[in-house]
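Protein chains: 2
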Amino acid sequence: MLNVVLIGAGNLGFNLYREFYKNEKINLIQWYNKTLDIIKFAEKNTSIIDDLKNLNHADIYIVCVKDDSIKKIIKKINFEGLIVHTSGCRSIKEVNSKKRRGVFYPVQTFNKTREVSFKNVPICIEAESKKDLYTLKKLSNYLKAKTYIIDSEQRKIIHLAAVFVNNFSNHLYTVAKEMLASKKITFEIFHSIIKETTNKVFEIGPEKSQTGPAKRGDNKTIEEHKEILRNKEYKDLYLIITRLIEKKYE
Amino acid sequence: MLNVVLIGAGNLGFNLYREFYKNEKINLIQWYNKTLDIIKFAEKNTSIIDDLKNLNHADIYIVCVKDDSIKKIIKKINFEGLIVHTSGCRSIKEVNSKKRRGVFYPVQTFNKTREVSFKNVPICIEAESKKDLYTLKKLSNYLKAKTYIIDSEQRKIIHLAAVFVNNFSNHLYTVAKEMLASKKITFEIFHSIIKETTNKVFEIGPEKSQTGPAKRGDNKTIEEHKEILRNKEYKDLYLIITRLIEKKYE
Numbered sequence: 009m010l011n012v013v014l015i016g017a018g019n020l021g022f023n024l025y026r027e028f029y030k031n032e033k034i035n036l037i038q039w040y041n042k043t044l045d046i047i048k049f050a051e052k053n054t055s056i057i058d059d060l061k062n063l064n065h066a067d068i069y070i071v072c073v074k075d076d077s078i079k080k081i082i083k084k085i086n087f088e089g090l091i092v093h094t095s096g097c098r099s100i101k102e103v104n105s106k107k108r109r110g111v112f113y114p115v116q117t118f119n120k121t122r123e124v125s126f127k128n129v130p131i132c133i134e135a136e137s138k139k140d141l142y143t144l145k146k147l148s149n150y151l152k153a154k155t156y157i158i159d160s161e162q163r164k165i166i167h168l169a170a171v172f173v174n175n176f177s178n179h180l181y182t183v184a185k186e187m188l189a190s191k192k193i194t195f196e197i198f199h200s201i202i203k204e205t206t207n208k209v210f211e212i213g214p215e216k217s218q219t220g221p222a223k224r225g226d227n228k229t230i231e232e233h234k235e236i237l238r239n240k241e242y243k244d245l246y247l248i249i250t251r252l253i254e255k256k257y258e
Numbered sequence: 009m010l011n012v013v014l015i016g017a018g019n020l021g022f023n024l025y026r027e028f029y030k031n032e033k034i035n036l037i038q039w040y041n042k043t044l045d046i047i048k049f050a051e052k053n054t055s056i057i058d059d060l061k062n063l064n065h066a067d068i069y070i071v072c073v074k075d076d077s078i079k080k081i082i083k084k085i086n087f088e089g090l091i092v093h094t095s096g097c098r099s100i101k102e103v104n105s106k107k108r109r110g111v112f113y114p115v116q117t118f119n120k121t122r123e124v125s126f127k128n129v130p131i132c133i134e135a136e137s138k139k140d141l142y143t144l145k146k147l148s149n150y151l152k153a154k155t156y157i158i159d160s161e162q163r164k165i166i167h168l169a170a171v172f173v174n175n176f177s178n179h180l181y182t183v184a185k186e187m188l189a190s191k192k193i194t195f196e197i198f199h200s201i202i203k204e205t206t207n208k209v210f211e212i213g214p215e216k217s218q219t220g221p222a223k224r225g226d227n228k229t230i231e232e233h234k235e236i237l238r239n240k241e242y243k244d245l246y247l248i249i250t251r252l253i254e255k256k257y258e
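Chains as they are written, first to last, in my numbering: chain P, 9 to 258; chain W, 9 to 258.
In short, the hints are calculated from the structure, not lab data.
Using N, Cα and C, we set each Cβ at its ideal position, and we do this for glycine too.
Incorrect hints may appear among the rest.
Said to hold, decoys possible - Which bits of chain P does chain W cover? Going by a derived footprint, with three or more residues having C-beta under 8 Å, they are:
no. : segment
1   : 108-119
2   : 179-186
3   : 198-210
4   : 218-229
With these hints in hand, go ahead and build the complete structure from the sequences.
This is how it looks when you write it as structure tokens:
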């Protein structure tokens, strides 16, 4: 059993709350947010607070606030417990060196309105002592997540690469949806190819999955696509990724 | 029951062969390829030929060859049946106007070595007569695919947009994998986020799924990412997609 305090009620905070609440091995003793309204619904299940002076003792304090608020919030935690932030791009040093510090970063995309299970989600942990690393591993195991021991430098790269994998590919879907809409075609027409593309990536990896005009050096099709692309920014985007693929597979 | 002749043994040709062979309502009467070796394995199930002079009569001739070979191949088909090509970017006019012509374009990514079911795959059909359109719809139904009646102009846009959705997002995964490899981190760490990203897209669409530093205007993180990105082309790619997201959600 682990006693945890959750600090923050953003996308990750909400999803951790839902998970902790139903998890028998995790005892959520407090949930802090600067405005209580948002977490009011949880008061029948845990103590909710909006003042860090009212914090109680816990094994782990999990800070899920905006990156720029991490330092400020942590300064106010006057307990011996392990303090972790959940940011992908901030160093473990964001936590004051006088504290027992660590990082607990789930590589996943979260929304408040969408319940995401932590089962099989990779969680990157970092801590300065073996004991604290073991505690974080235990927390991750309780969530049935997959644990990776990752230092701050590695974590930064994961966070940047995740922007390419998640945010950018999602935007490519948005661009494609717009193109279809201009000809009154539904985006559903791409659901099947998106599924197959990712299944292939999981099974044989992205390099071997690469197909398309740039991969096979089909310049005629590339020229045609350039002609159809009236939007200058979309054309630039098309050209830059096409060049990258050509270069990779030349 | 439909009698079909399959012309070509590329990625799509192979997958259509597999599907036709096991489909009780489709009678594959011939499979043509310019070299017989590749399709030799199929001779116990169908007539295989390497000379178009030996073609037999069929309801539909399905031409799955390289875009630049479509016209040349079709010239050699001297039968009354419906002739369709399977290209995403070529007009129905690639088929000689004296023929009963059409298009049968599955919006999917195919490999020879990977068997893909046509079930639920969107198939874009085009033909000049209602009767031929009906025949193509029947073929598509037999495959349990989803049929869309799409003209040549629309199909070009679908093909271009599919490059963004499939080829380009796949390359973003490749770039991300490279970044991880530079810090000895396995790409498996992204399987879970890729699954969740696409599930979200299917359920709420890509616009509402957008997250990340560009979406929330987190310039500090963007500056940090720019610093980490040593590869100039990756930096350009990062900047152009970041700008597009900022513009879309400003």
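Going down the list of hints, with the structure as the test:
With a threshold of 8 Å between beta carbons, the proposed coverage of the segment 108-119 of chain P by chain W holds, since 4 of its residues qualify and at least three are required. For the segment 179-186 of chain P, the proposed coverage by chain W is satisfied: 7 residues have a C-beta within less than 8 Å of a C-beta in that chain, meeting the threshold of three. Coverage of a stretch by a chain is defined here by at least three residues with a beta carbon nearer than 8 Å to that chain's beta carbons; for the segment 198-210 of chain P and chain W the count is 12, and the condition holds. For the segment 218-229 of chain P, the proposed coverage by chain W is satisfied: 9 residues have a C-beta within less than 8 Å of a C-beta in that chain, meeting the threshold of three.
Of the hints listed earlier, there is not a single one the structure fails to meet.
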